[in-house]
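A.B. asks: Chain by chain, the residues run as shown.
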Amino acid sequence: MRNATSMLGVLLVAFFIVVAICAPFLAPPSYGDPYQIPRSGWSVTPQPPSAQNPFGTTEGQYDIYYGVVWGTRTAFRVGLIVIGFALTIGMTIGTLAAYFGGWIDELLMRITDIFLAFPFLVGVIVLVTILGPGLNHVMLAMIIFYWMTFARLIRGSILQVKENQYVMAAVALGAPGYGIISRHLIPNSIYPIIIQVSMDMATVPLLAAALSFLGLGAPVGYADWGQLVAFSRNWIISSNGGNPFQFWYTIFFPGITIVLYALGWNLLGDTLRDILDPKMLI
Amino acid sequence: MKEIEGNVLTEKSKDQKKFQKAEILLEVKNLKKYFPIKAGVFRSTVGWVKAVDDVSFYIKKGETLGLVGESGCGKTTVGQTILRLIEPTGGHVFYNNVDLFKLSKGQMKKYRSKLQMIFQDPYGSLDPRMRVKDIIAEGLKYAGMKNRKERYEKVRDYMQRVGVSPTYMNRFPHEFSGGQRQRIGIARALVLNPELIVADEAVSALDASVQAQVLNLLDDLQQEFHLTYLFIAHNLSVVRHVSDRVVVMYLGKVVEIANKHEIFSDPLHPYTKALLSANPIPDPTVKRKDRIILQGDVPSPANPPSGCRFHTRCWLAQPICAQEEPKLEEVHPGHFVACHFWKNLEDQND
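So the sequence lines, in the order shown, correspond to chains D and V. Those letters in the first sequence? Residues 1 to 282, per the numbering used here, in order. Those letters in the second sequence? Residues 1001 to 1350, per the numbering used here, in order.
Hints were generated in silico from the structure; no laboratory data involved. Treat the hints with care, as some may be off.
[Said to hold, decoys possible] Derived lysine-lysine pairs resembling DSS-like cross-links, with alpha carbons at most 27 Å apart:
{"id": "1", "chain 1": "V", "residue 1": "1105", "chain 2": "D", "residue 2": "162"}
{"id": "2", "chain 1": "D", "residue 1": "162", "chain 2": "V", "residue 2": "1109"}
{"id": "3", "chain 1": "V", "residue 1": "1133", "chain 2": "V", "residue 2": "1109"}
{"id": "4", "chain 1": "V", "residue 1": "1102", "chain 2": "V", "residue 2": "1061"}
Just so it is clear, the structure is predicted and the values come from calculations on it, not from any experiment.
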């Protein structure tokens, strides 16, 4: 590891991975769907941290600790699924466009442009409205409006790599098209993508959280960071006199979790950017 | 080669005899490669760069054909189109009487291993993310050698032959020096057991002492594997050292073809003569009087001069040169020249 910040990034990401894996032990589900946050009552007013609810409860008596722990799984699931599919689509389209060039490139890139013309959130919101709310629909809508970045990135990267003499050398050796793509073009152009993926692992769950905050994502009570923040909306500053930050825990715990998660992936992305520079390889 | 052994011949006639009986391995006929010039918002083609325009020559089995000319004259394009690394605009290339340009891409694959290339840039021509053993073994894989162990065995063997220790086979290209990398490039071509190797400026990126090593290596390998070389270079001393015959190109055209002794002692094209006079003599005491300094720059291949392409810079140019393009004709046995006034030069040479 290069330095303290890269170490911090790796540690944060590792921490969240551990939390996601160990969720059933850290916050044992009591009944039914483990992603459903248990409630300790029906009162609207949040309750401060206690032995039973380490992070307190939010509006509707949902346990914040449970929501944060199981929300980690949701964050990873959303991140991996959305990025996984978007990456597959984007890489395929970008690679084909760059490798074949000509009218294929033109066609695929204009399709990409059409998708890029939609503002991301507006596109997703409209699509989710049509499909109906729900986490799966949110993920599908996000995939549909997220692959273009990868397509453009890999296309640009491959166009650059394609000019190298070793690609021509591979042709001279009798390499078939897929051999050139899989052995030379992709291995040499994948690195900007890996960095982008790492950064997006932070962004995508945040966007999903934003949609949950708007009420489009997970159903009410589903373990999701965005939803926890949405619950806290009315309690960020209390208006009933007394301490204005009386309900600080409603925003603090989900908020800090999101910040640390995003920070971790961003630092990791920066680290990868340094490490994966070809000249830094042994 | 055997029949001349033991004969007391001068070096010159020996070389001439050497390949008289050899058969033609590769024949290039009317090769053309035009690159489109795109301009404007709609990227429409507004003209053509005639990088290679109607080039014909042949290579005999076992010989080294030098291809010389200044930067941008189309030498590299010739090499790359022959191997169909870039698609030709027109013409034919016959390899053992098969027209390579008529083959489909799939059929061409069968000939890939027989026609190999050594690239100019030892830094750019090796994939930085592959280990040396995989770089050298790559062609074997495509040629159908399925067994990985066998492939690496062959890699080891050929690394030894080109003078890179096989213990380095797990290293990455950037861990080697320029000369070693070029040797790896040579091993990559050789391992496929080719008949013809196009060496495109194979030594220009190396420093002088390494150049000599690599040239000697190429020479040894030629003896050992009965290779035929198309040796593309701009360095005349190098070409003189390695070639049996020399093709001189200017602005996409062949201006002269002859065996190396004739080219160097009796050039019949003014461009060849100018090129030779520009070649430095490694002796500070020699005062050169006959140096020919060409005026002006090389014209753009997008808009080449009419008639003889060299007439704008030629000191022998007459009005006819601007009107009529001289044909490449055989003026002496095996000596081709494309100039209206080659006779004048021949008289000057004598």
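A.B. asks: Now look at each hint and say whether the structure bears it out.
C.D. replies: Hint check results:
1. With a C-alpha separation of about 19 Å, the suggested pair residue 1105 (chain V) and residue 162 (chain D) falls inside the 27 Å cut-off, and the hint holds.
2. At roughly 20 Å between alpha-carbon atoms, residue 162 (chain D) and residue 1109 (chain V) fall within 27 Å of each other, so this suggested pair holds.
3. Simply put, residue 1133 (chain V) and residue 1109 (chain V) have alpha-carbon atoms about 22 Å apart, close enough for the 27 Å limit, and the pair holds.
4. Of the supplied pair hints, the one linking residue 1102 (chain V) and residue 1061 (chain V) holds, its CA atoms being roughly 22 Å apart against a limit of 27 Å.
Of the numbered hints given earlier, the model fails none.
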